[in-house]
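Residue numbers (this note's numbering), protein chains in the order written: chain A, 1 to 483; chain Z, 484 to 582.
You may find that some hints are simply not true.
[Stated by the list, open to error] Here are some chain Z residues the structure puts well away from chain A; computed CB gaps all over 12 Å:
1) Leu486
2) Arg500
3) Glu507
4) Tyr511
5) Ser513
6) Ser517
7) Asp550
[Said to hold, decoys possible] According to the in silico footprint, chain Z covers these stretches of chain A (three or more CB under 8 Å from chain Z):
8) 26 to 36
9) 43 to 49
10) 58 to 64
11) 79 to 90
12) 130 to 143
13) 276 to 282
14) 298 to 308
Note that these hints are calculated values from the structure, not bench results.
The beta-carbon is built from N, C-alpha and C at its ideal position, and this holds for glycine as well.
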Amino acid sequence: MREDENRYETVIGLEVHLQLKANTKAFCGCSTLFGQKPNSQTCPVCLGFPGSLPVLNEEAFYSAVKVALALNCKIQDLIKFDRKNYYYPDLPKNFQISQYDMPLSYDGAIYITSGPEKGRKKIRIKRVHLEEDAGKLLHPEGANYSLVDYNRAGIPLLEIVTEPDINSPQEAYDYLTRLKAILEYLKVSDCDMEKGSLRCDANISIRVAGTDKLGTKVELKNMNTFKGVRLALEYEAKRQIALVEEGEKITQETRLWDAEKSLTTPMRTKEEAMDYRYFPEPDLVPFQVDKAVIEKIRRELPELPEAKAKRFSSEYGLSEYDANVITGQLEMADYFEECAKIYQNRKTIANWLMGDITAYLNAENLTIKQIGLSPSDLVGLFNMIDEGTISGKMAKEVLIEAMKKGIKPAEIVERRGLSQISDTAALERVVDAVLARNEKSVDDYRKGKKNALTYLIGQVMKDTNGTANPALVNVILKRRLGD
Amino acid sequence: MPLIDKRIVKHVALLSRLELNDRELELYSSQLASIIGYISKLNEIDTTNVPPTSHAASNLKNVFRKDVLRQSLDIKDVLSNAPARYDNFFKVPQVIEGK
Ligand SMILES: [Zn+2]
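Next up, chain Z with everything else stripped away, as it sits in the complex (with noise of 0.2 Å):
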């Protein structure tokens, strides 16, 4: 079980373009590590003979659908929440390296 430090937080945080100055990271930290404390009581069972279970709905498998179309939504209604806009692109913060 990986502790949960101030360390792995930042690291997180940083994965997912969050800001934290220090007092989140220590609040958010004590947090973390008190919820993943209390799952880890899971560990004690013994699931050696019972397999993973990635999905609610264990017998189901196999759903597709046809490769049929459907209407898309209007550019409208696309571009409406965006933060910025440019003729019908979404506008963003400009991305110099490659992915």
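Here chain A stands alone, though its shape is the one from the complex (with noise of 0.2 Å):
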């Protein structure tokens, strides 16, 4: 099987759909709230009432505008907005307002880096457009009808679309773990999948490696994690590569992802009904962009991930490897640079921030701001070790308490008396005591038997709790015993 499957390349393409963060919604002032009483953030535009006419959220339109540039689009000259027609039920108005032969951008690509020995791959985006999202649907278990709650209908949402230039399920979920970086820099978006404000589908098809021709594609949805959209391509694509081994052919449709029984199944529909008939929304004028507006909002985007990647490879001497890690997050660069300004071993931060600390992070779902472990705590850390006041691996633990219990690590080790013993006539009699009780032991140590030592260090620390400086403990008892 696996030889097989080498003999295929898989062709991917991406379409994020984003919630813009925003007091409104696209077309009318009702909330974006999330969680509200259902149906309560509505009104006569977001339900679709006759005669009610749509107005664009200025602050909406110039957050898609920062991110068509973010991701290196060229900005649409003349920028129309279109219907594009289909009834169901959480459409209110049977036609979402979208963008169809106008949209607001296109042409940009962002970079991705698949793994620390690969180099640098272009991603290209065909498109980035504004339009609205539709309502929630719920289905009680068991009921013979569906619900609606129209307060998502509206809220502005961005659709991104790759070309196919993915190559692996992996490249999907590197360039999705970009996007998300990337859009989370520009702040304009919670990009929370679980809330559903960012979502993902996916087009995938496989052909012959080396060939151009482009095989039947299969589009999937459903997938609620990056994982997941990387688990329905694994999936998708063996089922593609297996038919085709076959001599079967593959049938364009839709298929819907089941994380549980971890299998992509078609999704019933009538074909006939995808016909959206776009045609152009009259309720809304055409916008556009000036020039030097794009320009200043081109200056002021923030610095974005690449970019502030290579700057703390240059600026805090970070292999490209760690400046990648450290800046896959906003608030974990963030946090790495509050450290640097007040700590020089710019190696130590990251390699605490991305093993322990990342490690509980993704273990208990949480964000290195949510934790109460502030940067100058972290740092207070260090100088503990470095100072010798105590041991890397009881650091280990305190930084565990710290987070877990959100207590400055000072403050843990004053508190449990950890701070190791550094003080050499304090350390002395705490040696001459194990020393005058071990006698045996003094006595096997100086015939040689060289692991006596080891005991007597441990009968130390035993003494003091763990918190003697052990290599200190070596060197008082070594001299001692004459060594």
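Grab the two chains, each in its own frame, and use the hints to assemble them into the complex.
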């Protein structure tokens, strides 16, 4: 099977829908707050009452322009909105205000780095356009009806579509991770897949590697995490290869990812109903962004992940890999930089952030801002290690407790009496007491049994509840034993 | 110019979730055909150098509103026209397939 798979190349295009952060909906003044009472955030415009008129949210529009520029897109000279017509209960107007032939922007690109050893790869962005979200459908268990909440209907939505430049499920995952990082840096969205503010559909086909002709593509929907996207694409590539190997045809269709069963199933739909009959939205005039305004927005874009990673490498001496990981999340990058301002060993900061701290955050599903550990707290912990107050091993325990309980590391060390005894005189007293009651071990050691020393060190550590500085204990013991 | 025939009217009716019987299909096909035929007279005009007009207010551009909250409707009013409701939801016939 593996050999067969290697004969094929996967061709993937991704379509991301992103809810833009705004106080109000795209075309009316209703609130966009998540989790409110059903249908409490609706009005004649977003419910599609006859005679109501949409007016575009200026902030949402310029957020969209910002995203387009950050994704290196060209802004359309004349931007037009169109009606995408389909009848479905989540769409109160029976059309969605979207963009067809004159979208906000087109021809962009972002770059991914697939793993530490591979190079940069360009993923072209076909278009980024602005549209409105649909309502939310609920299907109560066992009921023969569905329920509709239109609070989400009309929330400003960006559609970000790639060219079919993605060639593996892992690349798809890397693209999504990078795209999300950029969007987080721009602060234009929650990017929360669980709340549905970021959603992803995929197109996937296979072809014999090295050939140009695209195979029949299948659309995948219903993936709720980036890992889910990767799994669905892996499953689907295997399914398509198996079909082709058996001489069967791939049907052009939409398939739904079933995360529980880990497979895709065809979506039941009438293909005939997929005729959207786009036409210009007569209630919205065209839009045009001044060249000077575009340039101003471009200049004011924040430093984006790739640029920041480069700077972290040159300014703080981080490896390319470390810099990429640290800058993968804005909060993490900012946190690193706060630490770097007050602590010189940047590699140490990066190692702790990427190691124990990230492991803890992932396990608890938290972000670095959500734990009560400030950059100066963390640096305080580093200083305690450097000064020999605590060992590196102890520091890890202290760190976990600090993150769990939100207590400063210094306070934990103090409270638990963890600080290492690095006071020579104090340690000498403990060592002498240990030697006095372990004459046999002392004898053994002098007769050449070197592991008697390990036993004696253990006794000293026991007497000090593990707080003695082991290196210092070693030196004192050897001196006392006449080595 | 696409010919309006029964097949097209049937397709459009399906897209619009309209149920038409044979007699209606016949009637609308001929009515729509004559309307489209009448309008297609416009095709005789040479529009090579005329930009498409998608909006009546041809000089108007960039009409925005500020991102400021406005009072939404009262839920009672929102649901007052709903054929069926459940709590604060609109209730619709079961939708089984994904969109
Ligand atoms: Zn509204």
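Determine whether the non-interface label on Ser513 (chain Z) survives the test: each CB of chain A must be over 12 Å from its CB.
22 Å, holds
For Glu507 (chain Z), is the shortest CB-to-CB distance to chain A above 12 Å, so the non-interface label stands?
19 Å, holds
Least C-beta distance between Ser517 (chain Z) and chain A, which was stated to exceed 12 Å
Consistent with the label, Ser517 (chain Z) stays out of reach of chain A, its closest Cβ about 21 Å off (over 12 Å).
Counting residues of the segment 79 to 90 of chain A that have a beta-carbon nearer than 8 Å to any beta-carbon of chain Z, does the count reach 3?
holds (count 7)
Status of Asp550 (chain Z), Cβ more than 12 Å from any chain A Cβ:
4 Å, violated
Do three or more residues of the segment 298 to 308 of chain A come closer than 8 Å to chain Z, measuring C-beta to C-beta?
The restraint on the segment 298 to 308 of chain A is violated, since only 0 of its residues have a Cβ under 8 Å from chain Z and three are required.
Given as non-interface: Leu486 (chain Z), partner chain A, CB spacing beyond 12 Å
At roughly 17 Å from the nearest Cβ of chain A, Leu486 (chain Z) sits farther out than 12 Å, so the non-interface label holds.
Tell me whether the statement that chain Z covers the segment 58 to 64 of chain A is true, taking a Cβ distance below 8 Å and needing three residues at minimum.
Holds: 4 residues of the segment 58 to 64 of chain A have a Cβ under 8 Å from chain Z.
Is the coverage entry for the segment 130 to 143 of chain A by chain Z consistent with the three-residue Cβ rule at 8 Å?
holds (count 5)
At a Cβ distance under 8 Å, does chain Z reach at least three residues of the segment 276 to 282 of chain A?
holds (count 3)
Given that the segment 43 to 49 of chain A was listed as covered by chain Z, double-check it with a C-beta distance under 8 Å for 3 or more residues.
Satisfied; 3 residues make the cut.
Given as non-interface: Tyr511 (chain Z), partner chain A, CB spacing beyond 12 Å
17 Å, holds
The structure fails to meet hints 2, 7 and 14 from the earlier list, while all remaining hints are met.
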